[in-house]
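Required output: the full structure, derived from the provided sequences and hints.
Protein chains in written order, with the numbering used here: chain F, 1 to 305; chain A, 1 to 295.
Any given hint could be a false lead.
Once the Cα atoms are required to be at most 25 Å apart in a straight line, the calculated DMTMM-like pairs of lysine to aspartate or glutamate come out as [stated by the list, open to error]:
1) F/Lys16 <-> A/Glu62
2) F/Lys16 <-> A/Asp183
3) A/Lys200 <-> A/Asp227
4) F/Lys65 <-> F/Glu197
5) A/Lys200 <-> A/Glu108
6) A/Lys174 <-> F/Glu15
7) A/Lys50 <-> A/Glu62
8) F/Lys65 <-> F/Asp55
9) F/Lys300 <-> A/Glu62
10) F/Lys65 <-> F/Asp205
11) F/Lys110 <-> F/Glu197
12) A/Lys80 <-> A/Glu108
13) A/Lys174 <-> F/Glu12
14) A/Lys174 <-> A/Glu108
15) F/Lys16 <-> A/Asp178
16) A/Lys50 <-> F/Glu156
17) A/Lys80 <-> A/Asp239
18) A/Lys80 <-> A/Asp227
19) F/Lys110 <-> F/Asp257
20) F/Lys110 <-> F/Asp205
21) A/Lys50 <-> F/Glu12
If you are wondering where the hints come from, they were derived from the structure by calculation, not from laboratory data. Please read all numbers here as calculations on a predicted model, not as lab measurements.
Read off the chains here:
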Amino acid sequence: MTSLLMSQIDRERAEKSARLRNIGYSYIFLLPYLILLAMFGIIPISYAFGLSFIDTIDYVFYGVKNYDFVFADFRIMRSLTNVLTFVVFWVTLTVLGVVTLSLMLDNIGKRIAGTLRTLYFLPGAVSSSALVVLWIFVLDPAVSPFQGIMHFFGWETLADTVFTIGMPAVFMLMAFFTGAGGWIVVFGGALSGISTEVVEAARVDGANRAQLALRIKLPLIWRSVILMGILSFATGMQIFVEPQLMSMARGPFTMPDWSLNQMAYQYAFQMGDFGASAALSTLLVAFSISIALVVVFKTKFYNIS
Amino acid sequence: MIDVIRRKNLTYGQFIIFATLLFALCFFGIPVVWLISAAFRSEVSLYSAKAFDWPDLVSFAESWVTLTTYNDFQILLWAKNTLIYCAGGVILSLIACIPAGYALALSEFPGRRLILIATLIAMITPSTALVLPIFLELNLLGLTNSYSGMVLASGFFPFGVYLTYIFFSSSLPKGVLDSAVIDGCSRFQVFTRIALPLAKPIISLVAFFSFLAIWANYFLAFVLLSDPTLYNLPVGLTDLVSSSGALSNLAGNDIPIRKPEVILAAMLIIVPVLIVFLAAQRFVKSGMLAGAEKG
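So this is what it looks like as structure tokens:
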């Protein structure tokens with residue numbers, strides 16, 4: 001009886017130590033990533049949050065004065081309007097453009113559709129400063145490959161083109177040019193996953209191409225369309241590179257405070273006010289994390305089970 | 001009669017489809033083709049009446065020599081820096097992502113769900129949102145203006161952890177690992193001898209996406225680096241353009257960097273990515289689907 005009890009205790013001990021060993025091993029596997037997650041996720045966000053309540057010139061507690069300063073800056077509302085206008089333009093074009101092109105590609109021969117998807121996707125290689133350089137050329141009627149159209153509208157200089165169509169539309173074109181192809185590839189995959197039986201049944205019932213696309217296929221990929229819209233919205237609010245680098249064309253194209261992220265950069269690097277920069281960065285990060293939390297907890301796009 | 005109308009409708013519908021797809025092809029394709037062709041043209045030729053002209057190898061060679069030799073081979077130094085940041089960042093992201101995704105997929109331990117949620121939040125939050133907080137932190141640690149700061153920051157790649165987690169969750173049965181443990185393998189042996197050899201596709205996929213994220217990263221390098229000898233190519237390109245005024249249509253300095261040289265410098269950033277894109281299309285498709293569709 002005693003030996004039976006002992007062996008059970010031994011077994012429980014062995015199981016417990018195996019479980020603890022397993023937990024230990026799991027954390028050893030996770031260690032490099034957890035260090036990076038702390039260093040470049042948790043700590044910088046916490047540090048910026050803390051710094052946003054400090055007067056970074058005298059290093060004393062400052063309450064919410066950094067936030068007051070940011071909200072009192074007349075440029076903030078202008079930057080917010082700029083960014084929101086761009087985001088509305090870009091998300092609308094992305095949702096309409098990507099969905100339309102994806103549904104149309106699903107309607108033509110597989111081989112040509114595959115080739116077109118690849119060609120639409122290639123501009124994704126043109127990013128950051130190279131993207132802005134390319135578009136400064138593309139929008140300049142003196143050298144642009146679309147100069148015929150520009151001359152037709154009477155645009156003779158880069159300023160004519162850019163200020164006629166407006167900065168938000170210019171950045172919308174850049175972002176759509178480089179980003180839409182990736183989503184078209186994603187939707188190509190999603191559409192090819194739709195059961196052929198469903199499509200055939202609708203066709204037998206007399207649905208034409210447009211009805212098939214809008215009433216059968218679109219509802220089946222609608223969730224992914226919403227995800228694309230949310231992610232584009234979150235990314236668009238953080239725009240920095242495009243307006244910052246328009247300054248390469250100098251003169252009226254230099255806009256160091258066009259977007260909110262540029263303002264945060266300005267506070268830190270032009271004014272040396274890290275507290276104000278931290279306050280604005282904290283607000284931007286909080287906005288992005290709120291969107292991420294909604295995506296993670298209120299939708300089932302990502303698997304966390 | 002109805003048949004005829006239907007046939008006409010079909011033709012009309014097809015016309016709309018092909019016209020739209022062709023329009024999109026022009027929008028996406030013409031700028032890229034123009035940029036490649038413009039790399040083979042002189043400044044004078046760029047301003048000629050035609051938007052496209054025959055490639056001129058002599059002009060290309062002249063621009064190439066001017067660009068690469070300018071300021072003591074500065075652009076080559078920036079290319080070398082970009083390669084260092086990329087190689088270091090990709091290796092670090094693999095070291096961090098693969099074991100982490102493996103552990104999250106195949107082990108139960110306290111804190112697992114929290115780490116997974118934190119990873120997803122970090123993945124969905126645009127990286128640009130974190131650049132200034134990262135600068136504030138690295139500035140405090142004295143890690144700005146250094147290779148190590150750039151490589152460490154580039155190695156943080158939560159998307160890679162999620163991709164690896166999805167891969168191991170869906171393609172490696174837990175039973176296989178449990179029986180290996182029963183057969184006497186340690187947890188490390190199971191990882192190195194069973195999981196890693198099976199994980200080649202996901203290692204390539206994570207390396208591919210990590211490379212893309214680091215290669216053309218402008219904002220992080222722009223904020224962390226102020227020493228021109230440490231610039232990567234995207235920041236170097238803007239420095240080149242800003243100092244020469246090559247895109248402003250204003251003459252008046254002696255710097256030999258003009259539009260053809262700027263186009264070539266941009267091509268140095270774009271061409272490696274184009275090659276990787278074409279070579280690894282399969283990865284892109286499977287990876288983007290995993291990132292956006294699973295669950």
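Of all the hints numbered above, which does this structure not satisfy? Sort the numbers upward. 1, 3, 4, 9, 10, 12, 19 and 21
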